[in-house]
Structures are given as structure tokens and as C-alpha cells.
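Colleague: Assemble chains B, C and D onto chain A, guided by the hints.
There are 4 protein chains.
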Amino acid sequence: MSFRYSVGLWLFGELSDRFTTYHPSRNLEEKFSEAAKIKSSRGVEIMYPAEFTYEKVDEVKNLLRGYKLQVSGILVDLFANPKWIYGSFTAKDEKIRKEALETSIQSIEVAERLDSKIVTLWLGHDGYDYPFQVDYNEKWDMLVEGIREVASHKSNIKIAIEYKLKEPRTHIFVGTAAKALLLVNDVDLKNVGVTFDIGHAFYSYESPAESISLLHRYGKLFHVHFNDNYRDWDHDMIVGSVNFWDTLEAIYWLRRINYEGWLSLDIYPYRENVREACERSIENIELMSELIDKVGFENFEHCIKSENATEIVAILRNVFR
Amino acid sequence: MSFRYSVGLWLFGELSDRFTTYHPSRNLEEKFSEAAKIKSSRGVEIMYPAEFTYEKVDEVKNLLRGYKLQVSGILVDLFANPKWIYGSFTAKDEKIRKEALETSIQSIEVAERLDSKIVTLWLGHDGYDYPFQVDYNEKWDMLVEGIREVASHKSNIKIAIEYKLKEPRTHIFVGTAAKALLLVNDVDLKNVGVTFDIGHAFYSYESPAESISLLHRYGKLFHVHFNDNYRDWDHDMIVGSVNFWDTLEAIYWLRRINYEGWLSLDIYPYRENVREACERSIENIELMSELIDKVGFENFEHCIKSENATEIVAILRNVFR
Amino acid sequence: MSFRYSVGLWLFGELSDRFTTYHPSRNLEEKFSEAAKIKSSRGVEIMYPAEFTYEKVDEVKNLLRGYKLQVSGILVDLFANPKWIYGSFTAKDEKIRKEALETSIQSIEVAERLDSKIVTLWLGHDGYDYPFQVDYNEKWDMLVEGIREVASHKSNIKIAIEYKLKEPRTHIFVGTAAKALLLVNDVDLKNVGVTFDIGHAFYSYESPAESISLLHRYGKLFHVHFNDNYRDWDHDMIVGSVNFWDTLEAIYWLRRINYEGWLSLDIYPYRENVREACERSIENIELMSELIDKVGFENFEHCIKSENATEIVAILRNVFR
Amino acid sequence: MSFRYSVGLWLFGELSDRFTTYHPSRNLEEKFSEAAKIKSSRGVEIMYPAEFTYEKVDEVKNLLRGYKLQVSGILVDLFANPKWIYGSFTAKDEKIRKEALETSIQSIEVAERLDSKIVTLWLGHDGYDYPFQVDYNEKWDMLVEGIREVASHKSNIKIAIEYKLKEPRTHIFVGTAAKALLLVNDVDLKNVGVTFDIGHAFYSYESPAESISLLHRYGKLFHVHFNDNYRDWDHDMIVGSVNFWDTLEAIYWLRRINYEGWLSLDIYPYRENVREACERSIENIELMSELIDKVGFENFEHCIKSENATEIVAILRNVFR
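Residue numbers (the numbering used here), protein chains in the order written: chain A, 1 to 321; chain B, 1 to 321; chain C, 1 to 321; chain D, 1 to 321.
Where hints are given, some of them may not hold.
[Stated by the list, open to error] Subject to a maximum C-alpha distance of 20 angstroms in a straight line, what follows is the list of computed EDC-like cross-link-like pairs (lysine to aspartate or glutamate):
#  : chain 1 : residue 1 : chain 2 : residue 2
1  : A       : K83       : A       : D93
2  : A       : K305      : B       : E311
3  : C       : K95       : C       : E149
4  : C       : K220      : D       : D135
5  : D       : K39       : D       : E29
6  : B       : K305      : A       : D135
7  : D       : K37       : A       : D135
8  : B       : K92       : A       : E298
9  : A       : K154      : A       : E99
10 : A       : K37       : A       : E276
11 : D       : K92       : C       : E311
12 : A       : K190      : B       : D186
13 : C       : K39       : B       : E311
14 : A       : K220      : B       : D141
15 : B       : K37       : C       : E311
16 : D       : K305      : A       : E276
17 : C       : K220      : D       : E311
18 : B       : K39       : C       : E311
19 : D       : K190      : C       : D186
20 : A       : K39       : D       : E311
21 : B       : K68       : B       : E30
22 : D       : K92       : D       : D141
Simulated from the structure, these hints should not be mistaken for lab results.
Chain A with its partners taken away, still in its complex shape (with noise of 0.2 angstroms):
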């Protein structure tokens, strides 16, 4: 089984980080033309409005079928442009959180225009970083109604809530799959589910593939991301390259839920050829569905029933027979 890969957009861009920079910038055709020589990749997701102004949509459409690239996703700049820094939704600022919802609107709008179901919505500044400085409880309102707003837009396209435990803020509200899912509930609209990320996963300590069957669960699985670090941080690295069991257990649960979503690359390859470390991580992802065949899936499932963590090692070691 292969998976439906794209790549963020984003990637080709400078990624700086608060010290330097790292990466020439690239114009919007160039980003296409880049995204287009990855090896395996089919799509590429797309950051709006950061990337591209509404007024380009026509201009985006052709690249696409000049490049010969879907749209993985869309998603919404809510903590590109500055004035997001004290939240979209929840910004204390009625103005900012209205321009949330018009921004969150015309992605959807955007979205179908490219043929797109899924908009994701990551609230990075949405949080708060010193003790006493939020009022919990009427933030957790203010997205509740922001994103059932949103939703109600337009029922055909899925409004994925991406998670993050933190950065930008210290304390980002929406930090791991329980508290998203908690609040998919709360907002209560068939379209509005979950982009789970991969190293989001790991530095929250969840289990990536525990998360992945806990959001399937409910149905709300709506996009994934996948990248690697070392449980500490969101490094955005090449994925598989650290936490090998874990993600082979990932992809593994994203197999048996009949995961038939996009996988999308958001890594952030600061000091590599961006190009290879895409390459590197699709073709890691497609390795680990080899090994997982290799090893043959009943054997997982057989592992999985047995529950004895020595008998697992044994049979996990088939990956490199």
C-alpha cells in the first residue's frame, strides 16, 4: 500500500528561526517548481493568505496543472502576519478575531477553488505563556464559536484543528489530540475534525499511533503531518530519523484504519537540501509500509493481541531479516 504524499509549500521559503536564516526566498513559481521535482510527492499544501493573495487563485490554479500538483490542504495563516501574536480567535481584540473568521472563511473559499477538502486551522498564538494571563474558560468559548463560525460555512469542506502542545506560545490551547478532540466535540459539526502532527505527538508524549486511533475513533482524522524529533521539541526533521518503532507503529495504525488521506511533509530541513530531505522522508514512510508487509501484517496484529513486550522485540526484529 503506498500513501498519497505531498509537501508544505512552505519548505521552499527562507526558514529562518529567531537567529538566522537559512534558505534563499523563493517567488511562488519557484516554490511550485520545487515542490514539483520531489520524487513520490503528488501535492503540496498550502499556507493561506501567506502564500498566495486571493487575487492569485487563477495564477495558483495554473501552476498546479503546470506542475502537476493537487492541493494536499490548505492552511490558514492565523500566526504568519503579525497581527495574530495575541491570538485569532481569542485575540482579546474583537477586530482580530473577526479578521480570524473572514481569513478561516475565504481559505474555504479558496479551498474549493483548488479543489481542496480540507482547511486546517493551527491557533499557534492562540495560548498564553505567564501564569494568570488568560482567562481559560471564555477562551475556550471564544473558539468553540470561532471554529463552529467557520465550519458552518461550508459543509463540504473538513476544518481540521491542527494541535500543538506549544511555540509560538508557551501554552498553546489546543496542545494535544485529547483537548482537540475534546473541542471537535464541543463545536459539534460533522465537518470539523483533527490534523494530527506527527512530532506534535511525540514531544506531547502522546503515542503517535495511540493518537491516531483515538482520533480515528470518533471519525475525526481529517489530515496528517509527518516529520521526527527528539520528544523534546518540534524539530521538524527528517521523518523516521529518530524514532524509528514508533513511527514504523504510526504508519502501521494508519494502514489498519485504511488512513486514505494525504500524508503531508511539514519538516523543516534548515541546514539540508530541502529536496533530498523530502525524498529521504517519503522514501523512509514507504520503507517502513515495506517492512510492515515484510514482516507480515497479521504478525503485528498477533504482537499487538499478545501484549508480552519480549515476544514483540522478537517479532519486530523480522524488519531486518
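Modeller: Only chains B, C and D this time, still in chain A's reference frame:
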């Protein structure tokens, strides 16, 4: 405002870890005698049936009367008896699952006879250690069913699920406030809620105040454990000895939501005089509550409304005036 | 007792992270103007050559005089210029290693001309991200040699190595206080020591007070950066806003060892008024120093001698009397 | 290349934690009998005097002979006997410090009689739990003096200090590889070095390979413990079950530096068959060593020389070919 304080009766046992034993063992009466000496505490939380068997309930009633102590809650032993090491409600072995139900239901009976309204289920072995070790989805079913069956026994006794990220398993199913709420929602019974442990919140990178607010939002904050740690592990230290500001904020929120339950100490004063460690903990909580009054409840409200870190830091400094 | 406070001049720049930019950019004079407004601070720490080039040293002298500011230290830019992203003293490319030497030596000249005795080397890109990425032993040799060559340039300027566990690399070679000391011992020059950053200590799970004591033991505590975080990452928050007790203990030890250097603020007030964040930080340090006097220096001595946690907690509570 | 494997004799005891007990207790002969069953292991590491007293040395010699086992090292019990809970070499009580010396020196005698060259000192209670609890500088003096006195007893027995960041104390003095080296340098005796535990490295955010390289650089890698964890705590899991790539890199470096000591298993298979958990661990190490040969030692060398992550990931993938 003063809280109702209690201490875990288990604090007066040997307090051992995997390396050594720190205190002398004590019999039941000695434990009560020690608990009764703690200034400002009027309650004990009892682990059943680890600390006494069903036949001894009348003896316990006498001890409670004699020492003028109330039972703040029953903590069901689903973790100290070695039979639970592969889980209780989620054990692979059906016989164990049945025993978990029986023990929990018996604990409800004991709670009723001892005039306690709270039965805490902490499912420390219900989890996993290794990748590929469990079928997460099946286990969640078992949790929902088991807890529902327990809670259906008597609707007037509150069943409080205590969440904890890890230890003794490397991963515990009910790991965070949001996951506990998700489970509670799935069980869908009015008398099922959550026991909040401030240390568990800290080391899941939760803001304790936010979790208190979230649990209260759904009417599910049933019981509270206090202690402290370095945000890395459940060290169960003296309250407020490490995290001053966050603990202050937690107490502020407990007051703000008019929490009327118990504050129960679940500390592990391995190398300390247990009575003194409990008294210092209660004094710290009382002090913090006084500091809130000193600064003025409305000034905290102002802090939170401002969302302005530099203003907040300036206001908080008034605790030292 | 009062400390000599300074602020990093870089605090008055854009303050960006990988997602967005938080403050307007300012030219050199504006930065000095802002730095001069901070109550109780008389110094600036300057990043050279990122903030001004060698030709501008006289201009900087004039600005210093005009704004009545001293230079607390020069922080050599071996991290902001993109040429350093594969390391400075340990870069694979010999040309870069040579430039690292030249830039550092030029920084010493600048320090001397600006009447500063401290040149800090923070080697943030000298590390690795992936397993199997470097020859650790060869890199350590390069560190020793590079720093030795730099420090040999002028024995009257102190070369202070700033340690940090991670960011921007996932692993930085000089990661902890002890590793910095090990390196300093290997360099074996009197004028080579350490810049201690309290936040770096926190998120390496060091007790800041212990690291201060350890660095002082070998006569190597050359310079100090203050800020705060949640022990998980270098959030560079307002001093004392999260970790009250540990910061108090750090200040106690700075006084105990009669630290006579600068306390330089290295905070990143992304969403705050920078001046206010600096002033709150200094006020918190001053307050803590007053609290130490209030409790009585000798009472802290008594705490420490007792080694008794319950006694310590009782004594510490006097900060609120 | 094959390593010399041994197991901690303590693995065959009750293996308890602070909540429950996981295995039956066994007498000394039973422990040896169990240890002897482990395929590919020829050694035992013995905790003295916790596992046998001085009078029993001849009996132990007979058991060793009978079961064809060698002693890989003596682990001095400075942590299991409750008398050590306030520290051993750094205890406030002079009498305890003296006993720590005596016990350690006696352990050297025992090592010699049992033909072992390694005596490990793991000083788990020598640390602190609370801010303001100890005089860090005075304690370091005590460490240096105590270890120097012990090591001076016999220059032909290697004294190996095992570092660990925390547990049972929240902070242990000898916490990291670099801090252990700093201490070893201060002691300044040829026969004083370090016991490296891969799990301790992981949860201090050390790269195990880097620490192995660093310890070897100074000729101080005396002894090695293997296990695994999630980089958050000393879970003592089956080797390689979580961290595949880092463990592979550690084994590569052990071979590269021609480590000729023992690889001793210090796992805690709470819920597993202990023999199986040990055998799986050794098999994983052997497998990894074979994988290194399969990829080719020189290809790893090439990886490291390239410093290029995408190239490294591609080469490492050959372990699956």
C-alpha cells in the same frame, strides 16, 4: 476562605521506591493516629482494600470517630496488589477485569458506609510500555465499559477518574485532563468525573489552573490532590516548594470556581518527617490563599483581563508587600 | 546589595521566530536610545559584528557616552550570519573556522576599545542534529584549539563560553555547565571561563544555584545572563515570572560568592513592551535580593546547614512576612 | 565483533517500585542459577553488600565456578540500605560518611577476591530535593575526598563513578557525563573513571555516542550499562526497543574506540520474563553489531565525514537491505 484538607493515609506507611524503604511500617491505628496529629487537616483519603479489608469497616468507623477524622475519599487499590500489573479494567485476562469491577463496586459500598461521596479510580497499570504492545481502541472500549458498570452501581457516589501521564507504566491510557474528560464523556454518567492531581498536571505540561478551569467547565472536577514537582516527574514534594506562581494560580482558580470539595495531600515525603511535610504543605496553601486576599481578588481579575504580562508581573509582586 | 544590570542590545531588534516578527526593526542609535530608558540598567551587551561593523566603533563609543551606558560584554556573532549554520570553530569548512577565529579576535579588539572586559562566545551552531552526523572527538579538538587561539590574543580580555543544551542545533557541543568547565579546563588559559545563562541552566535540569557554585569553585564564572522559562525550552521570559524559589536561590548564591560582574538580561519579550519587560525583570531581581535581606542572610545559611526540607520551607516562607 | 555481556544480579530479585512488587524474591543461589540461563551472557554484576555479606564471598566464588560465570563488576550498595537515604560520601552525618568509605573499601576487597577489576560507585542519594537544601560546594569537596580515599586503597582496581541525573533524589550531584569527568579530574587518580549507562545518557539529553566518545577521550570509560527508555526517565527497558538509531550509533562508537570492557544489562523488566528480556536485549545488541558490518564500518565513517543529514539517512537505510 479556607479549604477542607485531608491527607492520604498511605503517607504513613513505609514509603518505598525501587531502591529502598524510607519510613517504618505502621498498622492501621497508628496511621490514623499520625493523620490526626496534622494541624488543620480533618480528613483522610483511604486506599481500599490495600489499607483495610471489608471486615474491618466498622473498626475504621471507630477509628474515624475516635480521631475525629472524616473520609475525604476512597482510592480504590487497582495498582498496589500485584495482580493488577497488567492492568485492571483493561487487563487482557477477563478474570482480572472482573475483579477490578468487584473491587471498585465494593469500594463504593465502603465509601457509603464511611460517609464519603468520592471514590477515585487511578488506573496506573492500565496502559502500555512498548510500541506495538496494545490495541488502543479495544482498551478504550474496556475503560468506558468498566467505568460505566462501576458508576452505575450507585448514582449517589461520585466516581472520580484520576489521570496521570506515566508511572508505573511508561504510558497510562488516562494521561491528561482532556483525555480524562473525553473518557468521562464517553461513559456519559452524571456521577462520573475527575480527580485532579496538581503534580500530574505539572508534568504533563498542563497549566494546573487551566485544567481546573477545563474540568470545572464540564462540571467534572470531583476531587483534588496537591503536591509539587519539577515539571518532569511525579516527585510528590511539599506543596508550593518548587512552583510558586502556578500553584498560586491554581488556588486562585479553585476559589474562583467555588470548589467545595477536599484538598487532599498526596505527597511522598521520603526523607522528611511526614507530619511536618503535611503541615508545611497546608500552611503553604493557606498562605497562598491569604496572599490572594492581600493582593485582592479583583486585582487578579484585572491581571487576567489585561492579558498583559508586564502588568501581571507588577501586580503579582504585591504578594510580597 | 545591588547588582550591575545590563541588557542585550538585540532585545530592541525585530525579535522574530520561525513563524513571524514581533517588533519593528530599529537602527543602532534607536537601540541605544531604548536601552538607555531602562530604569536601573547602566549597561548594554552588544552583538558584534551583527549590530555594528568595525568602522562604527567610534560611533558606538559616542553613543555609549551620549546615553551614559557601559558595555557589559561583547557577544560574538557566530550564529546570526548564515555563514555559521554548519558551525563556527567546528565547521567542516576550514575557511569558516578561520573566519570564526578572525571574527572572535576582532571582537576582542572591539571589546578593548569599548572598555569591556568580557567577550562571550556562544557556539549555537557548533553541534549536530542527527545520529551519526559528526565525529565528536574531532570536533572537541577543534573547540579546544579554536578557543585557545582566540583567548591567546589578549590575556586581559576574558573569553566567556556560553553553554546551552540545544537550539538552534538539536544538540550543541557545549551544552551544560560541567561540559563548559571541561572544555575550559582543556583550553587551560586563565582568561577563559564561562557565561552562565539561568534559563539554559533551567532547561538542562541544572539547579542554577548549583551551577553558579560549581563555576565559581573553579574561578570561571565570568558573566551572567538572566531570564526565565518552564524548564523545557529557552523561552527567555521575564526574570522570576515562573521559577521563584530557584531564582531566589541563584541570587542568594551570586551574593554569597560575591559575584561582581554584570547581570545581563537576555530575555525575548516577543509580545511585551521590551522596556517594561526589562524593568519588571530588574525589579524582580532587586526584590529577591531584598527578600534575602529580609529573611536574613544567616537564616539561609541555617537552611542549608540543616539540609531539612520541612525546616527550609518554613524559613523560606518568611519572604512573605 | 562480539561484546562480553553480563547482567545485574539484582534483576532476579523482586523488582518493586513505589506501588507494588513484580517478581518473586529469590535467594542467592537461585539468582545465580537464573543468570546462568541467559544465552550469550557470561557475567554477573553484583551489588555488595546488599546481595551477600563478606562472610559469603567463598560461597559466591563457588557459585560463580559452578555456574561458569564471571563477575563483570561490583556495584557498591550505597543506596539500598536505608542508612544511605541522606547521602553516602556527602551525608551530613560523619558516621555515615565513614561507613560509605568502609563499605566501598570492603567492596574493593570483594572485587579482588572475585577476580573483578571494576567497582562501580553509584551515588543515588548524594544530591538534594529542594532549593536551598545543600551547600553545593562543600558537598563537591566531600565527593572528591571520599572517592579519592576509596580509590587510593588499591590502585589495581578501577573505581567507576556512575552518573545519573535524578532518581532517587530529584537532583543527584554526579548527574551527567561531563560532571562525572569533572569530578574524576578533581580526584586525579589513574584508577578512577566512569560507568556509562545508556539510559542515563538518554534522559539527560546526551547523545550516548557523544558521551562514549567524550569519556574515552580522557581514558575514563571503565564500564557500560545498557537498557532503553523514552528519553524522559530511567525506565530501564529492553535494549533498542525504543531508540534504535542512537543505540546503533552508541554500539558503533563502542566498536570504534575498541571498548573491551563488559556490556552489562541494567534493565528492569517489571512485567516481563526476566531471562527473555535479557536475551532480547543481547540479541538486539548483537543484531546491531551485525547491521554495522552489513552497512560496512567504512560507510559509517563516510556518513560522519560528510556531516550531511540526507546522505546519512540514505546510508543508514542499508541496515534494512
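Colleague: Each of the hints needs a verdict: does it hold here or not?
Modeller: Outcome of the hint check:
1. K83/A <-> D93/A: Measuring from Cα to Cα gives roughly 10 angstroms; hence the hint holds.
2. K305/A <-> E311/B: Violated, because 56 angstroms separates the two Cα atoms, which is more than 20 angstroms.
3. K95/C <-> E149/C: holds, 16 angstroms
4. K220/C <-> D135/D: holds, 18 angstroms
5. K39/D <-> E29/D: holds, 18 angstroms
6. K305/B <-> D135/A: holds, 7 angstroms
7. K37/D <-> D135/A: violated, 61 angstroms
8. K92/B <-> E298/A: Given that 20 angstroms is the threshold and the Cα spacing comes to 19 angstroms, the pair holds.
9. K154/A <-> E99/A: holds, 18 angstroms
10. K37/A <-> E276/A: holds, 10 angstroms
11. K92/D <-> E311/C: Measuring from Cα to Cα gives roughly 16 angstroms; hence the hint holds.
12. K190/A <-> D186/B: Answer holds: K190/A to D186/B is near 18 angstroms, not above 20 angstroms.
13. K39/C <-> E311/B: With a Cα-Cα distance of about 16 angstroms, the restraint between K39/C and E311/B holds, given a limit of 20 angstroms.
14. K220/A <-> D141/B: It holds: about 17 angstroms lies between the C-alpha atoms, which stays within 20 angstroms.
15. K37/B <-> E311/C: holds, 18 angstroms
16. K305/D <-> E276/A: holds, 18 angstroms
17. K220/C <-> E311/D: violated, 40 angstroms
18. K39/B <-> E311/C: holds, 16 angstroms
19. K190/D <-> D186/C: Given that 20 angstroms is the threshold and the Cα spacing comes to 18 angstroms, the pair holds.
20. K39/A <-> E311/D: Measuring from Cα to Cα gives roughly 16 angstroms; hence the hint holds.
21. K68/B <-> E30/B: holds, 14 angstroms
22. K92/D <-> D141/D: holds, 13 angstroms
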